[in-house]
Amino acid sequence: DVKVTQSSRYLVKRTGEKVFLECVQDMDHENMFWYRQDPGLGLRLIYFSYDVKMKEKGDIPEGYSVSREKKERFSLILESASTNQTSMYLCASSLMGQGEQYFGPGTRLTVT
Amino acid sequence: GENVEQHPSTLSVQEGDSAVIKCTYSDSASNYFPWYKQELGKRPQLIIDIRSNVGEKKDQRIAVTLNKTAKHFSLHITETQPEDSAVYFCAASFNQAGTALIFGKGTTLSVSS
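Residue numbers (the numbering used here), protein chains in the order written: chain L, 1 to 112; chain R, 1 to 113.
Please note that the accuracy of each hint is not assured.
Pulled from the structure, derived: some chain L residues nowhere near chain R, Cβ distances all over 12 Å [what the hints assert, rightly or not]: (1) Val4; (2) Gln6; (3) Gly16; (4) Lys18; (5) Val24; (6) Glu30; (7) Asp38; (8) Leu41; (9) Gly63; (10) Arg68; (11) Arg73; (12) Ile77; (13) Ser82; (14) Glu100; (15) Val111.
For lysine-lysine, the following DSS-like pairs were computed, each having C-alpha atoms within a straight-line distance of at most 30 Å [said to hold, decoys possible]: (16) Lys105(R) <-> Lys22(R); (17) Lys57(L) <-> Lys58(R); (18) Lys13(L) <-> Lys22(R); (19) Lys42(R) <-> Lys58(R); (20) Lys37(R) <-> Lys105(R); (21) Lys53(L) <-> Lys68(R); (22) Lys70(L) <-> Lys18(L); (23) Lys42(R) <-> Lys70(L); (24) Lys105(R) <-> Lys68(R); (25) Lys57(R) <-> Lys42(R); (26) Lys70(L) <-> Lys22(R); (27) Lys18(L) <-> Lys57(R); (28) Lys3(L) <-> Lys18(L); (29) Lys13(L) <-> Lys55(L); (30) Lys13(L) <-> Lys71(R); (31) Lys18(L) <-> Lys22(R); (32) Lys55(L) <-> Lys42(R); (33) Lys68(R) <-> Lys57(R); (34) Lys71(L) <-> Lys13(L); (35) Lys18(L) <-> Lys105(R); (36) Lys58(R) <-> Lys22(R); (37) Lys22(R) <-> Lys71(L); (38) Lys3(L) <-> Lys105(R); (39) Lys37(R) <-> Lys3(L); (40) Lys37(R) <-> Lys71(L).
In short, the hints are calculated from the structure, not lab data. Remember, it's a predicted structure, so these values are computed and weren't measured experimentally. For each residue, glycine too, the CB sits at the ideal point set by N, CA and C.
Take the sequences, apply the hints, and build the full model.
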C-alpha cells in the first residue's frame with residue numbers, strides 16, 4: 001500500500017518567516033508533486049519533480065521553491081511567508097510512466 | 001498553458017439518479033485524463049482514468065467518455081448513493097510523459113436519500 005506522509009497536519013506561521021513543508025513517500029516513486037488547494041479553485045500545481053535534484057515549475061510557482069535531495073523526500077519552501085499563502089498544501093507521488101497520483105493527508109498552513 | 005474547465009460546480013441529485021460532470025481541456029497534446037474523488041476532510045483518490053487512445057471506460061457504476069476532437073471528457077455515475085457525495089476533480093496531463101496534471105476546479109456532488 002502506497003504511503004505518502006506530510007510532516008505536519010496543521011501549521012501556523014508569521015508573515016516573513018521561512019517555512020518548510022516536508023513530504024515523504026515509501027513506494028520508490030520517481031515523480032513527486034506539490035499542490036495547494038483553495039475553496040473554489042481546485043488543486044493548483046506549484047512544482048513537481050521527476051527525479052532527484054530535478055524540478056519543474058507548475059502553474060503557480062511564485063513565492064515557492066522546492067528541494068529533492070533524496071528520491072523519497074520532496075520539500076516545499078516558502079522563503080518569506082505571506083498571508084496569501086494561507087492554504088491547504090497537498091503532496092503527491094506517482095510512478096514514472098503511470099498516471100495515478102497518490103496524495104498525502106495535507107498540511108493546513110495559516111500565515112498570520 | 002493548459003487549462004481545464006469543469007462544470008457544474010455543484011450538483012444535487014436524488015439517490016438512484018444519474019450524475020454527469022463535464023470537463024474541457026485546451027492542450028491537444030494532453031493524453032491522460034483522470035478523475036479524483038475527495039470526501040470531506042480526506043485526501044483525493046483516483047476513481048477512474050482514461051487515455052487518449054480510448055473513447056470510453058467503465059468500472060461498475062462509473063464511466064468516463066472522451067471526445068478528443070472536441071477536447072472534452074465526462075464522468076458518469078449511475079444509480080447514485082449517499083456515499084457518492086464528495087467533491088470530484090477532473091484533470092488533464094500537460095507534459096509528454098502524461099504524469100503532470102492540471103486539475104479542474106471541482107464539482108461538489110450531493111446525493112440525498
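Now the hints, each set against the structure:
| no. | hint | in the structure |
| --- | --- | --- |
| 1 | Val4 | violated (8 Å) |
| 2 | Gln6 | violated (10 Å) |
| 3 | Gly16 | holds (30 Å) |
| 4 | Lys18 | holds (26 Å) |
| 5 | Val24 | holds (15 Å) |
| 6 | Glu30 | violated (9 Å) |
| 7 | Asp38 | violated (10 Å) |
| 8 | Leu41 | violated (6 Å) |
| 9 | Gly63 | holds (18 Å) |
| 10 | Arg68 | holds (15 Å) |
| 11 | Arg73 | holds (18 Å) |
| 12 | Ile77 | holds (20 Å) |
| 13 | Ser82 | holds (23 Å) |
| 14 | Glu100 | violated (5 Å) |
| 15 | Val111 | holds (22 Å) |
| 16 | Lys105(R) <-> Lys22(R) | holds (12 Å) |
| 17 | Lys57(L) <-> Lys58(R) | violated (34 Å) |
| 18 | Lys13(L) <-> Lys22(R) | violated (38 Å) |
| 19 | Lys42(R) <-> Lys58(R) | holds (25 Å) |
| 20 | Lys37(R) <-> Lys105(R) | holds (12 Å) |
| 21 | Lys53(L) <-> Lys68(R) | violated (35 Å) |
| 22 | Lys70(L) <-> Lys18(L) | holds (21 Å) |
| 23 | Lys42(R) <-> Lys70(L) | holds (27 Å) |
| 24 | Lys105(R) <-> Lys68(R) | holds (21 Å) |
| 25 | Lys57(R) <-> Lys42(R) | holds (26 Å) |
| 26 | Lys70(L) <-> Lys22(R) | violated (39 Å) |
| 27 | Lys18(L) <-> Lys57(R) | violated (45 Å) |
| 28 | Lys3(L) <-> Lys18(L) | holds (27 Å) |
| 29 | Lys13(L) <-> Lys55(L) | holds (25 Å) |
| 30 | Lys13(L) <-> Lys71(R) | violated (42 Å) |
| 31 | Lys18(L) <-> Lys22(R) | violated (40 Å) |
| 32 | Lys55(L) <-> Lys42(R) | holds (27 Å) |
| 33 | Lys68(R) <-> Lys57(R) | holds (14 Å) |
| 34 | Lys71(L) <-> Lys13(L) | holds (28 Å) |
| 35 | Lys18(L) <-> Lys105(R) | holds (29 Å) |
| 36 | Lys58(R) <-> Lys22(R) | holds (16 Å) |
| 37 | Lys22(R) <-> Lys71(L) | violated (36 Å) |
| 38 | Lys3(L) <-> Lys105(R) | holds (25 Å) |
| 39 | Lys37(R) <-> Lys3(L) | holds (18 Å) |
| 40 | Lys37(R) <-> Lys71(L) | holds (27 Å) |
Hints 1, 2, 6, 7, 8, 14, 17, 18, 21, 26, 27, 30, 31, 37 from the list above are not met by this structure, while the remaining hints are.
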